[in-house]
Amino acid sequence: MSLHNHILIIPDGNRRYAKGKNLNLNVVYKHIADHITTEIIDYLLINKKIKELSFFAIARNNVLQREGFGLKEICDAQVAAYDSWLGNKDFLKNIKFRFIGDLDLLPSFYVKKAKELENATKGNKAATCNLLTAY
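Each residue of the sequence shown is one higher than the one before, starting from 0 at the first, in numbering that gives the first Met the number 0.
Heads up, some of the hints might be wrong.
[What the hints assert, rightly or not] Under the rule of at most 16 Å between Cα atoms (straight-line distance), these lysine to aspartate or glutamate pairs were calculated in the EDC-like manner:
#1 88 to 38
#2 92 to 41
#3 71 to 41
#4 95 to 117
Think of the hints as simulated: they come from the structure by calculation, not from any bench.
Just so you know, these numbers come straight off a predicted model, no measurement behind them.
All chains, please: the whole structure from these sequences, using the hints.
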């Protein structure tokens with residue numbers, strides 16, 4: 000049994016990491032969405048049975064400051080991850096995904112996939128993953 004009921008994760012430094020390693024920022028965003036975020040959710044909510052996880056998906060400041068540069072790349076990477084989660088039986092059966100924030104600030108393709116993930120998992124009770132989006 001875990002002593003933790005709710006964990007908050009605030010990822011930071013993706014651009015600094017990409018620059019420091021001379022990596023394409025799109026590659027970094029995609030890796031983080033596809034692998035790091037997915038693995039953290041799987042580890043904490045499925046394996047460790049934590050009841051609730053809140054994860055900063057994209058900060059409001061980043062949405063407002065990156066309208067022309069980087070926002071589409073971040074959204075593309077996250078939407079691809081959300082799409083893969085819709086095919087993950089453990090996620091679909093056990094985790095309720097909730098998007099918290101001002102989704103009106105995000106592109107329509109992002110909002111559509113967010114709503115699809117929320118609707119597909121709304122009845123789940125084992126764990127909750129709050130994705131703080133434009134929050």
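Original post:
Does residue 92 pair with residue 41 here, judged by a C-alpha cut-off of 16 Å?
Top reply: 12 Å, holds
Original post:
Can the restraint linking residue 88 and residue 38 be considered satisfied, given a maximum Cα separation of 16 Å?
Top reply: At roughly 14 Å apart (the allowed maximum being 16 Å), residue 38 and residue 88 satisfy the hint.
Subject >> Given pair status - residue 41, residue 71, alpha carbons within 16 Å >> reply: 26 Å, violated
Original post:
Given the proposed pairing of residue 95 with residue 117, does the C-alpha separation stay at or below 16 Å?
Top reply: Holds, at roughly 7 Å.
The structure fails hint 3 only (numbered hints given earlier).
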